[in-house]
Amino acid sequence: MRWYWIDRFQEFESGRRARAVKNVSLSEDHLHDHFPGRPVMPASLIVEGCAQAGGILVGEHLAFQGNMILAKVPKATFHFEAVPGDTLTYDLTLEHLSRDGALVSATCRVGDRLLAELELFFANVMEGDRARRLFTPRELLGMMRLLGVYNVGRAADGTRLLPPKLPLDE
Amino acid sequence: MPSTEEIYDKIQTALVDALGVDEDEVTPDAKLQEDLGAESIDFLDIVFRLEKSFGIKIPRGELFPESLLTDAAFVQNGKLTPDGVAELRKRMPFADLDEFAENPTVQDFPNLFTVNMICKYVESKVNVES
Chain A
0 MRWYWIDRFQ
10 EFESGRRARA
20 VKNVSLSEDH
30 LHDHFPGRPV
40 MPASLIVEGC
50 AQAGGILVGE
60 HLAFQGNMIL
70 AKVPKATFHF
80 EAVPGDTLTY
90 DLTLEHLSRD
100 GALVSATCRV
110 GDRLLAELEL
120 FFANVMEGDR
130 ARRLFTPREL
140 LGMMRLLGVY
150 NVGRAADGTR
160 LLPPKLPLDE
Chain B
0 MPSTEEIYDK
10 IQTALVDALG
20 VDEDEVTPDA
30 KLQEDLGAES
40 IDFLDIVFRL
50 EKSFGIKIPR
60 GELFPESLLT
70 DAAFVQNGKL
80 TPDGVAELRK
90 RMPFADLDEF
100 AENPTVQDFP
110 NLFTVNMICK
120 YVESKVNVES
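As they're listed, the protein sequences go chains A and B. Oh and the first sequence: position 65 is 64 in numbering that gives the first Met the number 0, straight run, nothing missing. Oh and the second sequence: position 18 is 17 in numbering that gives the first Met the number 0, straight run, nothing missing.
There could be a bad hint or two in this list.
What the hints assert, rightly or not - Here are the simulated BS3-like cross-link-like pairs (lysine-lysine), alpha carbons at most 30 Å apart as the crow flies:
no.: 1; chain 1: B; residue 1: K51; chain 2: B; residue 2: K9
no.: 2; chain 1: A; residue 1: K74; chain 2: B; residue 2: K119
no.: 3; chain 1: B; residue 1: K30; chain 2: A; residue 2: K71
no.: 4; chain 1: B; residue 1: K89; chain 2: B; residue 2: K56
no.: 5; chain 1: B; residue 1: K119; chain 2: B; residue 2: K30
no.: 6; chain 1: B; residue 1: K89; chain 2: B; residue 2: K9
no.: 7; chain 1: B; residue 1: K51; chain 2: B; residue 2: K30
no.: 8; chain 1: B; residue 1: K78; chain 2: B; residue 2: K51
no.: 9; chain 1: B; residue 1: K51; chain 2: A; residue 2: K74
no.: 10; chain 1: B; residue 1: K9; chain 2: B; residue 2: K56
no.: 11; chain 1: A; residue 1: K71; chain 2: B; residue 2: K119
no.: 12; chain 1: B; residue 1: K9; chain 2: B; residue 2: K119
no.: 13; chain 1: A; residue 1: K71; chain 2: B; residue 2: K9
no.: 14; chain 1: B; residue 1: K30; chain 2: B; residue 2: K78
no.: 15; chain 1: B; residue 1: K9; chain 2: B; residue 2: K78
no.: 16; chain 1: B; residue 1: K78; chain 2: B; residue 2: K89
no.: 17; chain 1: B; residue 1: K9; chain 2: A; residue 2: K74
no.: 18; chain 1: B; residue 1: K30; chain 2: B; residue 2: K56
no.: 19; chain 1: B; residue 1: K56; chain 2: A; residue 2: K74
no.: 20; chain 1: A; residue 1: K74; chain 2: B; residue 2: K78
no.: 21; chain 1: B; residue 1: K119; chain 2: B; residue 2: K78
no.: 22; chain 1: B; residue 1: K56; chain 2: B; residue 2: K119
no.: 23; chain 1: B; residue 1: K89; chain 2: A; residue 2: K74
no.: 24; chain 1: B; residue 1: K51; chain 2: B; residue 2: K119
no.: 25; chain 1: B; residue 1: K119; chain 2: B; residue 2: K89
no.: 26; chain 1: B; residue 1: K30; chain 2: B; residue 2: K9
no.: 27; chain 1: B; residue 1: K119; chain 2: A; residue 2: K164
Stated by the list, open to error - Here are some of the chain A residues that sit facing chain B, going by a computed Cβ distance under 10 Å:
no.: 28; residue: P73
no.: 29; residue: D90
no.: 30; residue: L96
no.: 31; residue: S97
no.: 32; residue: P163
no.: 33; residue: K164
For the record, the hints were derived by calculation from the structure and aren't laboratory data. Even glycine gets a Cβ: it sits at the ideal position worked out from N, Cα and C.
Please put together the full structure from these sequences, using the hints given.
Right, dumping it as structure tokens:
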């Protein structure tokens, strides 16, 4: 199973904000168990989608350095359920960033309706003996290309966002 | 320069948001771990919210100098040594250490982290930076 819980970025401003969409489809296996005869997108996977989009927003701004992982969800409020046929629009804002971590706020909307409000806290686990890289810069770059970040992305100065040139051994 | 009351209100908001507690639980004497249920990752979250809310920089280990406990020069047999206590006084001039210093066990160290301690720390930072 591919673990992508966003389909595409629609907007991406380096170090500031991003918008990504997720189309909920009845073909997704998990919807047949959640729940039989009454498919509902699990709220936890909406959190995961926002975390993936937020993680990319953070990772890109750190120039692919560091190893930010989702460490905590301080807030997750859901107002209704997402069902097949819905297009979920995730809006992410990078609220605060340091070498130790990042705080991202997010909303999920279906059309004009506010489905969820979230806060996501990422911690940098790059340092220390037990640190382990979850994915390489090259993998992150591949994910960003796949999700269309470079089709819509803007750098901090407003110019078009370009992929970094990574050494082949990374 | 913000008033003491304004500082307290912002800290209360930061703790409510970071720890998911009710406003009335955040009293000046409340201990972050024992009373408000803070876990290790929460301390970084709290630092972030304070930095954003007050527009200050909080260097790693300045507000919550837990790394001192892993320094063998400052800890022996589960207690801070006199050198360790002296170091703690140097690093945490904003904390009330007198009671802790009488029996400075590592186990009781987290009890120093109270709402009031954060208030004093932030006051010292905004005074310096304003």
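Against the structure, the hints come out as follows:
| no. | hint | verdict |
| --- | --- | --- |
| 1 | B/K51 - B/K9 | 11 Å, holds |
| 2 | A/K74 - B/K119 | 27 Å, holds |
| 3 | B/K30 - A/K71 | 21 Å, holds |
| 4 | B/K89 - B/K56 | 19 Å, holds |
| 5 | B/K119 - B/K30 | 14 Å, holds |
| 6 | B/K89 - B/K9 | 26 Å, holds |
| 7 | B/K51 - B/K30 | 22 Å, holds |
| 8 | B/K78 - B/K51 | 35 Å, violated |
| 9 | B/K51 - A/K74 | 17 Å, holds |
| 10 | B/K9 - B/K56 | 16 Å, holds |
| 11 | A/K71 - B/K119 | 27 Å, holds |
| 12 | B/K9 - B/K119 | 13 Å, holds |
| 13 | A/K71 - B/K9 | 21 Å, holds |
| 14 | B/K30 - B/K78 | 20 Å, holds |
| 15 | B/K9 - B/K78 | 34 Å, violated |
| 16 | B/K78 - B/K89 | 17 Å, holds |
| 17 | B/K9 - A/K74 | 18 Å, holds |
| 18 | B/K30 - B/K56 | 23 Å, holds |
| 19 | B/K56 - A/K74 | 24 Å, holds |
| 20 | A/K74 - B/K78 | 37 Å, violated |
| 21 | B/K119 - B/K78 | 25 Å, holds |
| 22 | B/K56 - B/K119 | 15 Å, holds |
| 23 | B/K89 - A/K74 | 36 Å, violated |
| 24 | B/K51 - B/K119 | 17 Å, holds |
| 25 | B/K119 - B/K89 | 15 Å, holds |
| 26 | B/K30 - B/K9 | 17 Å, holds |
| 27 | B/K119 - A/K164 | 47 Å, violated |
| 28 | P73 | 6 Å, holds |
| 29 | D90 | 19 Å, violated |
| 30 | L96 | 9 Å, holds |
| 31 | S97 | 7 Å, holds |
| 32 | P163 | 26 Å, violated |
| 33 | K164 | 31 Å, violated |
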